[in-house]
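Peer 1: Okay, here's what each chain looks like letter by letter:
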Amino acid sequence: MRAFRSLSGSELRLLFRDPGSLFFMVAFPAMLLVLNSGSDDLEIFVPGYLAMILAIGGIATLPAVMGTYRERKVLRRLATTPVSPLVLLTGQIAAQLVMGLAGAVIVGGVAVLGFGVAPPAHPAALALAFVLSALMCYAIGFVIAAVAPRARTAELIGLLVMFPMIFLAGAAIPREGLAGELREMGEYLPLTQAVTALRDSWAGTPSITTFLLISGIIILGTALAVALFRWE
Amino acid sequence: MTVIEVEDLSKSYGDTRAVDGVTFAVKRGETFGVLGHNGAGKTTTVECLVGLRRPDRGRVRVLGEDPARRRRAVARRMGVQLQEGELPDRMRVAEAMRVFATLYDRPGDWREVMERWDLGHLGGKAYGDLSGGQKQRLKLALALVGGPELVVLDELTTGLDPVARRETWTLIGDLKASGTTVVLVSHFMDEAEELCDRVAVFRRGRIAALGTPRELTGRTGTGSLEEAYLALAEERR
Chain U
1 MRAFRSLSGS ELRLLFRDPG SLFFMVAFPA MLLVLNSGSD DLEIFVPGYL
51 AMILAIGGIA TLPAVMGTYR ERKVLRRLAT TPVSPLVLLT GQIAAQLVMG
101 LAGAVIVGGV AVLGFGVAPP AHPAALALAF VLSALMCYAI GFVIAAVAPR
151 ARTAELIGLL VMFPMIFLAG AAIPREGLAG ELREMGEYLP LTQAVTALRD
201 SWAGTPSITT FLLISGIIIL GTALAVALFR WE
Chain B
1 MTVIEVEDLS KSYGDTRAVD GVTFAVKRGE TFGVLGHNGA GKTTTVECLV
51 GLRRPDRGRV RVLGEDPARR RRAVARRMGV QLQEGELPDR MRVAEAMRVF
101 ATLYDRPGDW REVMERWDLG HLGGKAYGDL SGGQKQRLKL ALALVGGPEL
151 VVLDELTTGL DPVARRETWT LIGDLKASGT TVVLVSHFMD EAEELCDRVA
201 VFRRGRIAAL GTPRELTGRT GTGSLEEAYL ALAEERR
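Sequence lines, in order, name chains U and B.
Heads up: the first sequence begins at 1 in our numbering, then just goes up one per residue.
Heads up: the second sequence begins at 1 in our numbering, then just goes up one per residue.
It should be emphasised that the hints constitute simulated quantities derived from the structure, not laboratory data.
Quantities reported herein were computed from a predicted structural model and do not represent experimental measurements.
Note that beta-carbon positions come from the ideal geometry of N, C-alpha and C, so glycine has one too.
You may find that some hints are simply not true.
[Claimed, not checked] With beta-carbon atoms standing in for the labels, derived distance ranges:
1) B:167 with U:124: 55 to 61 Å
2) B:167 with U:85: 33 to 39 Å
3) U:160 with B:179: 50 to 56 Å
[Said to hold, decoys possible] From chain B, some residues computed to sit far from chain U (all C-beta separations above 12 Å):
4) 12
5) 20
6) 38
7) 59
8) 108
9) 112
10) 120
11) 193
12) 231
All chains should be built: construct the whole structure from the sequences, respecting the hints.
Peer 2: In structure tokens:
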């Protein structure tokens with residue numbers, strides 16, 4: 001437990017020291033919110049931003065970090081200490097989750113307190129949707145980290161997967177605004193389920209089907225990552 | 001008491017026999033040198049000792065355990081400094097020391113280890129901003145922060161200037177005096193001669209010679225371990 005706390009704390013500090021993660025997970029979503037603050041249906045935008053924060057952290061940052069750790073043999077160095085691989089990975093996930101939560105609280109807070117968005121209708125469902133969406137993004141991120149041979153490729157694949165996904169899944173902009181075919185493509189993206197679950201929980205009726213679907217993707221992604229992941 | 005027992009260790013990568021039937025033992029409190037050219041099998045042997053690789057054949061016991069099966073049990077009592085093995089660039093020196101200390105059950109006082117390795121004034125500095133010598137000192141300090149009974153040091157003084165090298169030797173001497181067992185992988189014969197009780201000279205995956213530095217110079221009729229090494233490592237049979 002001590003090792004987990006210190007490793008996750010250290011990972012979190014590293015994320016906060018990285019101007020890129022800090023900007024994209026905390027400042028950027030808040031900026032988008034302010035830019036769209038004139039809109040009448042901000043409660044549609046805000047849950048999307050939460051999904052976007054998680055996707056940026058889990059699908060882009062996480063594989064870049066893991067790829068770098070593997071390439072620079074940080075993982076190898078840690079493998080000569082008594083720390084268990086599980087603690088290492090959960091520490092990484094915990095740091096991402098706290099970082100994502102920080103971004104989410106800022107965006108959500110500014111939306112509710114600053115722009116008069118109605119507070120979440122189903123807070124418990126929203127919390128669950130947030131955690132499940134986060135885990136889904138991390139599972140995707142670990143699959144990318146597993147298949148990418150080098151740190152640079154992990155970073156690149158992460159960006160190439162994350163960027164189209166946040167637009168097509170309705171995270172950065174609501175899918176209602178997309179043209180027919182692009183909108184259709186979004187149907188098949190994992191992140192769309194996250195956006196749906198977060199939106200339904202914020203202002204609507206959460207559907208168990210969406211939550212189950214996300215859980216399914218988590219299990220599938222984790223199994224794939226476990227099968228493919230290499231420490232060196 | 002024996003801290004390391006290696007019997008008939010072999011490891012191949014594809015068709016390449018990296019280590020081919022190596023046998024040696026290291027006693028408690030001993031400083032044991034692993035010498036040899038690049039590709040002689042030193043690193044693979046060390047990787048098998050610390051549990052990073054599983055031998056193809058042979059028996060390895062470190063502190064009474066099989067490192068390939070019980071890596072963590074061995075790691076609790078062992079400190080390792082790898083030739084490769086970096087830290088995240090934005091991690092700071094004191095932070096690295098503190099985090100590594102928490103990975104062990106009975107860590108030493110990390111602040112004291114930091115001071116001893118002349119890192120005290122660098123506590124707030126990011127790893128990526130350290131010089132090569134400072135990085136090397138940090139890696140050594142991290143190997144010792146867990147209060148190990150056995151330390152494995154791969155390329156101890158590579159990247160250090162002559163003064164820092166001498167200082168490092170003194171610190172390894174202190175470590176020896178405290179009863180810690182040390183395995184030293186090195187290219188530098190002066191270092192091995194100064195620090196090691198016994199050395200194994202590796203050549204093409206095998207141990208070409210094993211003994212005290214004095215025995216090896218005597219056996220080869222040379223004046224220094226350096227000359228003895230050159231005779232032993234180059235010798236063709």
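Peer 1: May I ask which of the numbered hints given earlier this structure violates, with the numbers listed in increasing order?
Peer 2: none
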